[in-house]
Structures are given as structure tokens and as C-alpha cells.
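Protein chains: 2
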Amino acid sequence: MNFKILIKTPLWDAFSDLGRRIFLPEGIFYWSGRAKKEAELNATIGSAYGYERDFIEGGTEEWLPCYLDAIKPYSNLKIDSLVPYASIGGVQAIREIWKKWIIKKSLYDILNEKDKLGLLEKYTTTPIVTQGVTNGIFLCCSLFLSPSEYIISPNKRWGNYDNIINKFLGANIKSFEFFVNQEINLQGMKDVILDVAKYQEKIIIILNFPNNPTGYTPKRAEIEKIVNTLKESQKQIKKPIIVLVDDAYEPYVYNEGEISRSLFYDLIEVQEDVIPIKLDGITKELLIYGGRVGFATFGLKPAWVNNDEELEVLKEELNNKLEGITRSTISNTNHFYQALTVQIFQDKGMDDIVKERDKVRRLLKSRYKKINEELSSLELPDISIDPNSGGFFLFINLNPNKIKASEFADHLLKKYKIGVIPIEKLNDNINGIRIAYASIDLEKISEFVTRIRQALKDF
Amino acid sequence: MNFKILIKTPLWDAFSDLGRRIFLPEGIFYWSGRAKKEAELNATIGSAYGYERDFIEGGTEEWLPCYLDAIKPYSNLKIDSLVPYASIGGVQAIREIWKKWIIKKSLYDILNEKDKLGLLEKYTTTPIVTQGVTNGIFLCCSLFLSPSEYIISPNKRWGNYDNIINKFLGANIKSFEFFVNQEINLQGMKDVILDVAKYQEKIIIILNFPNNPTGYTPKRAEIEKIVNTLKESQKQIKKPIIVLVDDAYEPYVYNEGEISRSLFYDLIEVQEDVIPIKLDGITKELLIYGGRVGFATFGLKPAWVNNDEELEVLKEELNNKLEGITRSTISNTNHFYQALTVQIFQDKGMDDIVKERDKVRRLLKSRYKKINEELSSLELPDISIDPNSGGFFLFINLNPNKIKASEFADHLLKKYKIGVIPIEKLNDNINGIRIAYASIDLEKISEFVTRIRQALKDF
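From first to last, the protein sequence lines stand for chains A and B. Be aware that the first sequence starts at 1, since it is given in the working numbering, and climbs by one per residue. Be aware that the second sequence starts at 1, since it is given in the working numbering, and climbs by one per residue.
Treat the hints as calculated values from the structure; they're not laboratory data. Accuracy of the hints is not assured; some may be wrong.
Note that identical chains are pooled: a pair holds if it fits in a single copy or bridges any two copies.
[Claimed, not checked] Derived lysine to any residue pairs resembling SDA-like cross-links, with alpha carbons at most 25 angstroms apart:
(1) Lys8 / Gln187
(2) Lys36 / Lys404
(3) Lys36 / Leu363
(4) Lys235 / Glu323
(5) Lys219 / Asn401
(6) Lys231 / Arg21
(7) Lys355 / Tyr49
(8) Lys174 / Gly19
(9) Lys239 / Glu374
(10) Lys174 / Arg20
(11) Lys167 / Gly19
(12) Lys231 / Asp441
(13) Lys167 / Glu323
(14) Lys78 / Asp441
(15) Lys219 / Thr450
(16) Lys425 / Leu442
(17) Lys122 / Asn401
(18) Lys78 / Lys414
(19) Lys348 / Ser377
(20) Lys239 / Asp441
(21) Lys8 / Leu64
(22) Lys36 / Asp458
(23) Lys415 / Asp458
(24) Lys37 / Ser106
(25) Lys239 / Ile79
(26) Lys225 / Ala70
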């Protein structure tokens, strides 16, 4: 493929060596695509097909992918949704539904600022299916980070970022202190942007709200400040800023009257080259963790193209790059869960899915309220709770001079039968425990906090 | 993890930079594992759980991962097999079943040389689940190939090898001419091994039998020659030879009285450091292409360890490396198809699965016989058929001085409504068409070959 439009955009400038090199060769797909339309006898398909009667006892005259009768009892989906490969970029129907879902989600903002999102539909790519949100992060980090290059992230982040970026790709993470005075530390973020811009021709940053491990979720006013900080930084450095918006926990926001939409929506409206990429998935949004269906969706900028035709070409070129990475790492994503997702959107409609899921959101919200109330009543000098109002977790900082997080977790487990995840990264100024209240019943939260208080007193 | 045994094996010498660097940090899994056993109140789990009654109308008192009622109609598997994450390395039950399946498959060899496979069970690792066979190839190529290093492959190979190795990893493929006088060109293979050994401290080679695109499947005597060539080469160069055994099409072998088992089985018995890695999956073996469940299984050598304890430690260390790659690229593989595979093995047993699948094998075999008979009757001077007796394809070479493969495919499609995949890599001495007889009905094969004959006459 000739990337004639893409090569002129700031995306290209921001690509890693791999990002510039990768493409999906069109040969086999060109010929099989033509054969589908033009051939009477098609010998391009690399799967065994036959008349069902020839391989299944009592089978029909239908020409189907050959399959084993043994799989039949376990799914009510058609063989065509269960057995064949899905397309490299994902089942077309779910890609289109997910784009509509992204547009729909923008309206769940309490402010419902529909009119302000004029660019969303047109300048957002058709989501490509990734093998879960992890694989979406991996895909984008591969696309943008060459070995030894830097990505920016808050110090408190999902531990798997470090696996993907450091251990797999051999790139580096530049941290900034997430919070100052219980607010997001935007000056810190800006400082590292300016710093990295000194030795790198692009800025790649990853932000995750609601956050794992802290539960931090910016309110509307904070979203605006984050957007402004990114805009100002971009104007100052004059280099593209790619923002990977890790929306894994997107719908789980609990502060009433302040439900914010993803940062993605505001960034897509920014004229400057602050380029958002939305990474989300059915994992938590539809509560199907084991489904491994995620999506990567790019926000493009009007200034990059001269007309609608160029915009379409740009989308195709970018899609080819992404499918090139998918083809060379996983080939494609499993078919069942994509088909299942299509089915539930068709059966229920988006509003009903949200309504159904809201039972879970309310359940988690009741736990969120309860645990924060209980914890705030502790009034102990050696701990502080990071600001939190969404997701599955909250984070308790421990005074590193008095209590080592791992020792505390060990003590909690041994003496009080309480399981938490300690995070102890003293170089990154982190010493605390992550509490997954998403998996503790409301009725047990008082007892949970009581035992934490007792354990703290032991130190 | 401290890789104290692994670091002393030739595997470590053969690792890429990434292979040496990668590991799965044990922190979060250590704590969640302990919490599972020791905690009364477990706040380590990053998934939403609740009593079913609290999020499903008419739900039970069971403590379950929160899920949407909308998914219920589409699978008869339990929520626990559908909704939660599978383990990083795969569902334990399927890993164990697949190891037994690998042992069982060794017995399907017509020679049934059970006694010769004394090392198989003990020195084979527990298979790690990969996201399809592609992802298994990607995983191993990442583990062994740093950018600009070489892997050896026959010139005729699955096109996606080039995507994974060249385009994604930035490594190189050293080709050898696959056939000389209708036999596998072992001298050619040995020559490139000796050549690459001059500038690389390891040899990585990938072999795929039955082969895509040619259908070539070595007979017993040829297997022995391949093994001997690899052994001799290893003795000569004194560097580890890693053999990636791409067994995607393993069960589809059609030459009666000559059904061979995978090359993996003979290589695991080799004393020299010719180290086989078996890459297979449910994709074609159980005819579930869209399932994206593959396996990577390593053959270890007795000489690498001093006792059984060290062997177990070595297996754990290697497993940690592989899970490190999985965690940082896809996190884990989808749950449904792993659970489905466990179910059908439990329901049917291995012999019955083979029996059921044999209907498909016989169907393909009848097509294989028919198309080879018809093609051999063509007796045209400008074509030759590569040796083939397995898999889904065969390959017709065209005289490059008279017919360009892509022009021929275009002509076939336009004038005769026949779809084939042309492969035209003149630098690699390839100019021909791949015919997927796996997807053409037996009744149509005569007509198919007739049209090819007519098209050839046009040139």
C-alpha cells in the first residue's frame, strides 16, 4: 500500500520504526476478495468447506465450513459465527456498532454537549478490533514507540504498562507524580512533556480514567484543565502529542451530577495536534473479561486533509497499518465473542444494555460510597486515600518511613485474613495498597475497614 | 524471577534481547494467589463480583462475576467459563489435556514406534495457550529473533511468516529452495544453516508440514533424513538449532501406509541441541478457525539438567518467560473456546474426536486424489506440481519465462471464473498458483482442472 495521505500527517512523524515499516500486504486478500465476487469455482479459501451432509450425520445440503458435531451443544450461535475466521480488523458489524456506541456514549455526559462534538462522527476512524484492551495498548505502543523512546504516564498506573513498554518493546516510561494536594498534577504532566520534547520529535502519553489503581476520575472542570494543558503544551513544543486514552473502566463513574464522558471526546475537538486514540472494550464495559474483544479508535484532525475523499483514503491507510500489526501478531480476534456482542446489541439496543449494566454500576457505587465513608473516618496520620470516584479500585498511601506496603499486605493477610495488592515503587514515590472494592460485598466493607484499622495500629 | 536453570541452557544462548529481558512479574499474582488461599476478605480481584440476585432479575445467592443477562441465550457453558479471564498461560485443564493429546498423537503414526519416544512425556513442557497458531509463531519469533537476525525457512512458505518476521520484528528470513527433483532439498537447508552459523550464535529454523502453500508432507524416510541433516549440522556448527515445528495442518495427511507423525516427535529424541518447539492449535485440528486457541510446546533435553527437580524448575522458568510475552501483548486468550475444547475432549474422548474428524480428512483426501490425478493427466510442458500429500493446498509452478503467475490468475478469473492465489516472488524463484482444494467440492474438480488446462493453452 502507498500511504500517500498518511505520510503527510503528524501521525507518520510520530510512528515508530515498526509503525513506518508495517503494512498489510494486499495480495492474498486482493485475490480472495476478487474470487468471492468473480469466481464460479473459488480455490482461494484456506479453510475446509463441504456440504454438511458429507461430514455431519444427518447434515443438510448447505455448503459450510467443515466442523465437528461435538461443538454443537455449547453455543446457540450459527456455525458461521462460531467456526470461520473473523476478518483481521474484526467482524464488520461489530466495528460499525462500536462506532455508533462511541457516539452514543458521548451523550451519556450529564452536560449532554452534543453540539460541541461536531467532529466526532466524521473524524473518528471505524474502530479496529483488538484482542482485549491490553492488545489495543500493545498495538498502539508498537505503532508509536521504538526501543529506548519515551512514553509519559502518571506514576500510579496499571502495572502491565511496564510489561508492554519496558519489558516487551524495550521503550521507557517517563513518570510524573499523579497527584498534588489531592488534585491531578497537571504542572507535573506539562513539565515531563516539555522535557521529553527536548529529545524526541513526538510526545506519546497514556492516561487511564477511571484509573487503575487509584480510582481517580476527573470531573468536568478537571477534564477541561487537562485538555488545556495538552493544548498549551502542544503549542509550545510544536510536535504531535499522541494521547492513548485507556478507557477500560469508562462507564464506572460514581460522582453524581458530575458524570464525565471520556477524555477522548474533548480531545477530538481540539484543533491542535493533540491526537487522541480511544482504547476500550467489552472486557469491563459489557462485563465479559474473558471475551478478549477490545477496540482502538483514532481521532483524526480536519487540518490533515483537503477534502472528504482524502479523509477516506487516510482512514483506509491507517486501517491497513493497524491490520498489518494485527495480522503479524494474532491474525485476528476470536469470532464467538464478536458475534455475541453483535447479538446483544441487536437484541437489546444500547439504552437497554446501559440500563442492565447500571445494576452493576449502582452495586459498585454503593460499595464505593461505603468504603470511602468508612476509610475517611479512620483519621490516621500515616495514611492518605488518593482521590477516587470511579472504576474498580481505590488506593491507600502508607507513610514509607513507618510502613512498607509489602510488609503491611503480608501482615494484613496473615493476622487479619485480608487480601490486598501492595505497590511499592519507592523510586516512583509509591508505597501503598490497592483495594478492589469491586469484588467485596457491601455488607463486608465495615469489617474490612475495621481490620485495616487494627492492622495499621500494629505498626 | 531468577532464571537460574534456564540461563545455563542453550535456549538462553538462543534468546533474542527481548527473550532475555522478558519475564512475568510475580507481584500481583503472588498476592492474589496468596489471598485466594489465606484471605477471608479478598480485595485483590480486578473484576466486579456480586451475589447474582443483586444484578440479575431472579438471580441466585451465588457469588459470581457480575454479568449482563443479555449474554445468557448464546452459550450453554457456565458463566464461570464465559465471563472471567482465563489464566495468562491458558485454562489449566486444556493445557493438561493438550499435553496428553500431543502424547496421544504420537501413536497415530502408522509405525506406532511408541518405544522410541521415551523422552516425550517427561521432557515436553506443559503447552502454553497462544492466541491461535499465528500468535504461537509470533511468540517464538519474538523470543528468539532480535532485529536484523536471521531465521531459516523454505522459499515456499506461508506468507504471514514474512509479516511476523520482517515487517513486525525487523528480522530476516534466509530462504532455501524447497525442492530439488521433487524431493525436499536437504543439502540446500544444510548449506544455509552453515552459512547463517558463520555470523549468528544460534540457528532458528521454521518448518511447516503439511505445508502451506505446497501440501508437501515428508514420508517416514524423509523425516529421518531431515532429522539426520539437522543432527549433522548441529554437530558441525556446535550451536543450538531451534526448530519451530509449525503443525497447523498436522492431522491432514493423505498418503496411505505412510501417515507420519509430526517432525516434533523425532526431534525430541535427538540428544544434540536440535531443539523442537511444537506450534499447533484447535484452528485446523478441531476445525475451529475462529477460536484462536493455539499451543506452544517445547522439547527440552535431558543433558540440560542434573535431576528431576532442576527439570521442573526449568519448565517453570521457561513458562514464566512465555507468560511474560503473553501478558505484555494480549494478557490472555479468550475463555469460551478454551472451555469448549475442554468440554469436547471430556464429552467425546480423543479417539472419538479423531473418528469424527476423519470424515473431514477422508473428504479432503478424496479431493486430493482427484485433483492430483486430473492435474497429472495434463502433461503440459510449462507447469509442474510440487510434491504434495497433505494439508489444504497444492501448488502449480508456472514457467516464469512464459507465464507470470499474477497474469495467469487474472486471466483464470476473468475468462474462466476460477479463483486461485498467485505467488510471484521471482527473487525467491517462485512463480505459481496455490490451489485450496480444501474448499472445492469433489464433483467440481474435473471442471476446475479443465478450465485451468484451457487457460494454460491461452498462454
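Status of the hints after comparison with the structure:
1. Lys8 / Gln187: For Lys8 and Gln187, neither the intra-copy (32 angstroms) nor the inter-copy (48 angstroms) Cα distance is at most 25 angstroms.
2. Lys36 / Lys404: Classified as between; 22 angstroms across copies, 63 angstroms inside a copy.
3. Lys36 / Leu363: between (49 angstroms within a copy, 23 angstroms between copies)
4. Lys235 / Glu323: neither (32 angstroms within a copy, 42 angstroms between copies)
5. Lys219 / Asn401: neither (32 angstroms within a copy, 69 angstroms between copies)
6. Lys231 / Arg21: Neither: 30 angstroms inside a chain and 37 angstroms across chains, both beyond 25 angstroms.
7. Lys355 / Tyr49: between (42 angstroms within a copy, 18 angstroms between copies)
8. Lys174 / Gly19: So Lys174 and Gly19 pass the 25 angstroms test inside a copy (21 angstroms) and across (23 angstroms) alike.
9. Lys239 / Glu374: Classified as neither: same-chain Cα gap 46 angstroms, cross-chain 63 angstroms, threshold 25 angstroms.
10. Lys174 / Arg20: Classified as both: same-chain Cα gap 23 angstroms, cross-chain 23 angstroms, threshold 25 angstroms.
11. Lys167 / Gly19: both (19 angstroms within a copy, 9 angstroms between copies)
12. Lys231 / Asp441: For Lys231 and Asp441, the Cα distance exceeds 25 angstroms both inside one copy (42 angstroms) and across copies (60 angstroms).
13. Lys167 / Glu323: both (24 angstroms within a copy, 12 angstroms between copies)
14. Lys78 / Asp441: between (38 angstroms within a copy, 22 angstroms between copies)
15. Lys219 / Thr450: neither (30 angstroms within a copy, 70 angstroms between copies)
16. Lys425 / Leu442: Close neither inside one copy (30 angstroms) nor across copies (65 angstroms); limit 25 angstroms.
17. Lys122 / Asn401: neither (53 angstroms within a copy, 49 angstroms between copies)
18. Lys78 / Lys414: Neither: 50 angstroms inside a copy, 33 angstroms across copies.
19. Lys348 / Ser377: For Lys348 and Ser377, neither the intra-copy (42 angstroms) nor the inter-copy (58 angstroms) Cα distance is at most 25 angstroms.
20. Lys239 / Asp441: neither (48 angstroms within a copy, 57 angstroms between copies)
21. Lys8 / Leu64: neither (45 angstroms within a copy, 51 angstroms between copies)
22. Lys36 / Asp458: Only across copies: Lys36 and Asp458 sit 24 angstroms apart there, 71 angstroms inside one copy, limit 25 angstroms.
23. Lys415 / Asp458: Intra 10 angstroms, inter 85 angstroms, cutoff 25 angstroms: intra-copy only.
24. Lys37 / Ser106: Neither. Shortest intra-copy (38 angstroms) and inter-copy (42 angstroms) distances fail the 25 angstroms Cα cut-off.
25. Lys239 / Ile79: Cα proximity of Lys239 and Ile79: none, with 49 angstroms in one copy and 48 angstroms across.
26. Lys225 / Ala70: Neither: 57 angstroms inside a chain and 38 angstroms across chains, both beyond 25 angstroms.
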